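2 protein chains.
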Amino acid sequence: MIQLPGVIKGAVEALTRLPGVGEKTAFRMVMNMTNWKASELISVGSALASLQNLKLCRDCGMFADDSLCSICQTENRKSLKTLCVVENASDLMAIEKSGHFKGVFHILGGVLNPLLGVGPDELKMDELREKIVKREIQEIILAVNPSVEGDATCSYLKSILPETVQVERIGFGVPIGGSLEYLDPMTITKALENRKRF
Amino acid sequence: MIQLPGVIKGAVEALTRLPGVGEKTAFRMVMNMTNWKASELISVGSALASLQNLKLCRDCGMFADDSLCSICQTENRKSLKTLCVVENASDLMAIEKSGHFKGVFHILGGVLNPLLGVGPDELKMDELREKIVKREIQEIILAVNPSVEGDATCSYLKSILPETVQVERIGFGVPIGGSLEYLDPMTITKALENRKRF
Numbered sequence: 008m009i010q011l012p013g014v015i016k017g018a019v020e021a022l023t024r025l026p027g028v029g030e031k032t033a034f035r036m037v038m039n040m041t042n043w044k045a046s047e048l049i050s051v052g053s054a055l056a057s058l059q060n061l062k063l064c065r066d067c068g069m070f071a072d073d074s075l076c077s078i079c080q081t082e083n084r085k086s087l088k089t090l091c092v093v094e095n096a097s098d099l100m101a102i103e104k105s106g107h108f109k110g111v112f113h114i115l116g117g118v119l120n121p122l123l124g125v126g127p128d129e130l131k132m133d134e135l136r137e138k139i140v141k142r143e144i145q146e147i148i149l150a151v152n153p154s155v156e157g158d159a160t161c162s163y164l165k166s167i168l169p170e171t172v173q174v175e176r177i178g179f180g181v182p183i184g185g186s187l188e189y190l191d192p193m194t195i196t197k198a199l200e201n202r203k204r205f
Numbered sequence: 008m009i010q011l012p013g014v015i016k017g018a019v020e021a022l023t024r025l026p027g028v029g030e031k032t033a034f035r036m037v038m039n040m041t042n043w044k045a046s047e048l049i050s051v052g053s054a055l056a057s058l059q060n061l062k063l064c065r066d067c068g069m070f071a072d073d074s075l076c077s078i079c080q081t082e083n084r085k086s087l088k089t090l091c092v093v094e095n096a097s098d099l100m101a102i103e104k105s106g107h108f109k110g111v112f113h114i115l116g117g118v119l120n121p122l123l124g125v126g127p128d129e130l131k132m133d134e135l136r137e138k139i140v141k142r143e144i145q146e147i148i149l150a151v152n153p154s155v156e157g158d159a160t161c162s163y164l165k166s167i168l169p170e171t172v173q174v175e176r177i178g179f180g181v182p183i184g185g186s187l188e189y190l191d192p193m194t195i196t197k198a199l200e201n202r203k204r205f
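From first to last, the protein sequence lines are chains P and B.
Using the working numbering, count along the first sequence one by one with no gaps and you end on 205.
Using the working numbering, count along the second sequence one by one with no gaps and you end on 205.
Just so you know, not all the hints are guaranteed correct.
If chains are identical, the list can't say which one is meant, so a pair holds when it fits in one copy or spans any two.
Claimed, not checked - With a straight-line cut-off of 20 angstroms between C-alpha atoms, the simulated SDA-like cross-links for lysine to any residue are: (1) 109 - 9; (2) 165 - 116; (3) 197 - 181; (4) 16 - 26; (5) 104 - 9; (6) 88 - 133; (7) 16 - 49; (8) 131 - 43.
Think of the hints as simulated: they come from the structure by calculation, not from any bench.
In this text, all values refer to a predicted model and were calculated from it rather than measured experimentally.
Starting from the given sequences, assemble the full structure and let the hints guide the process.
Right under this line is the structure:
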């Protein structure tokens, strides 16, 4: 087998660290990049390295350009007394896409997972409690994913939050466009439990 | 839709320049990278930017660490009077993988393609002719892919190369493990033409 230069091996190794990129894909990408101009290579390299400068919103934990993210900078959203708790930035963006929620968010940074050593101290739980008191939040929407860890996290949150706050969890059931035929029994069970008068 | 920081947009845009990476995939990659350490981001960024330092072998045009690639540095390969002409580095590597060819290579850098403005001057054709004379090459294997442009390139090469040199083209036919049932008529035609006494 031919001995390839170190720069090629290094670039292949770097790209395989990306999710979903195996050695063959990385190699194909690098072969393509060998035809690029130096300026293009530099711009891509520095764009990726620049991610180290990514700031997080000091209020909700979302990616931000400044100390506050674009949501927490919006006056009429901040003034609302409803707070939506999510696991991570991707979940926050999914909710934002729906355009239905008008309040502000709080990113936990994950869910409780004793097996992986994630306890309450590893998540932004104290910050949540402080924010609720400071902002006089009246309603909490737990938009935490339905899983054993997610359920446990919601139960724990409910137990530590002030009793004056109304705590709700997003609804579970049949997704729109979904077909009962292909759904798992757990989802069907939830959909039956969560039935509404029609 | 939420306004994302410039560094995220920049990283997504950079990754979409890679072959096979669309905006959704790039975004998923960047979301993953937001959990990386700064040192990891820098090392991946600089590994990609380092590709600009990639050198090409002054003899055959293959990627090289020094002025000569690992193949052209091998004494007993250089002394052989057989030269294999390929379109690009990937094709060269495919031949090297077979382990069957013991001579040296010459990378053309593509095939003739008037529609894309690729004429003889854009390819390493003069270098090939010079090399043949200087090294007293006796046999040329044209390992150019079978396509209209590849065929034209081979015909052109045959016409400009010294008549004393034996010019051959790699064989076309049914690939090993292939099934006649699924092969295109052109390949079957070639396989019939290229039949050998058994």
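Results for each hint:
Taking the closest pair of Cα atoms, residue 109 and residue 9 come within 20 angstroms of each other only across two copies (12 angstroms); inside a single copy the shortest separation is 59 angstroms, beyond that limit. For a Cα distance limit of 20 angstroms, the shortest separation of residue 165 from residue 116 inside one copy, 17 angstroms, qualifies, whereas the shortest one across copies, 66 angstroms, does not. Only within a single protomer do residue 197 and residue 181 lie at most 20 angstroms apart by alpha-carbon distance; the minimum there is 8 angstroms, versus 56 angstroms between protomers. In the homo-oligomer, the alpha carbons of residue 16 and residue 26 lie at most 20 angstroms apart both inside one protomer (18 angstroms) and across protomers (18 angstroms), since each shortest distance falls under that limit.
Taking the closest pair of Cα atoms, residue 104 and residue 9 come within 20 angstroms of each other only across two copies (8 angstroms); inside a single copy the shortest separation is 49 angstroms, beyond that limit. Taking the closest pair of Cα atoms, residue 88 and residue 133 come within 20 angstroms of each other only inside a single copy of the chain (18 angstroms); across copies the shortest separation is 76 angstroms, beyond that limit. Proximity of residue 16 and residue 49 under a CA criterion of 20 angstroms is satisfied in both settings, with 17 angstroms inside one chain copy and 17 angstroms between copies. In the homo-oligomer, the alpha carbons of residue 131 and residue 43 lie at most 20 angstroms apart only across protomers (19 angstroms), although the nearest pairing inside one protomer, at 43 angstroms, exceeds that limit.
The earlier numbered hints are all upheld by this structure, with none contradicted.
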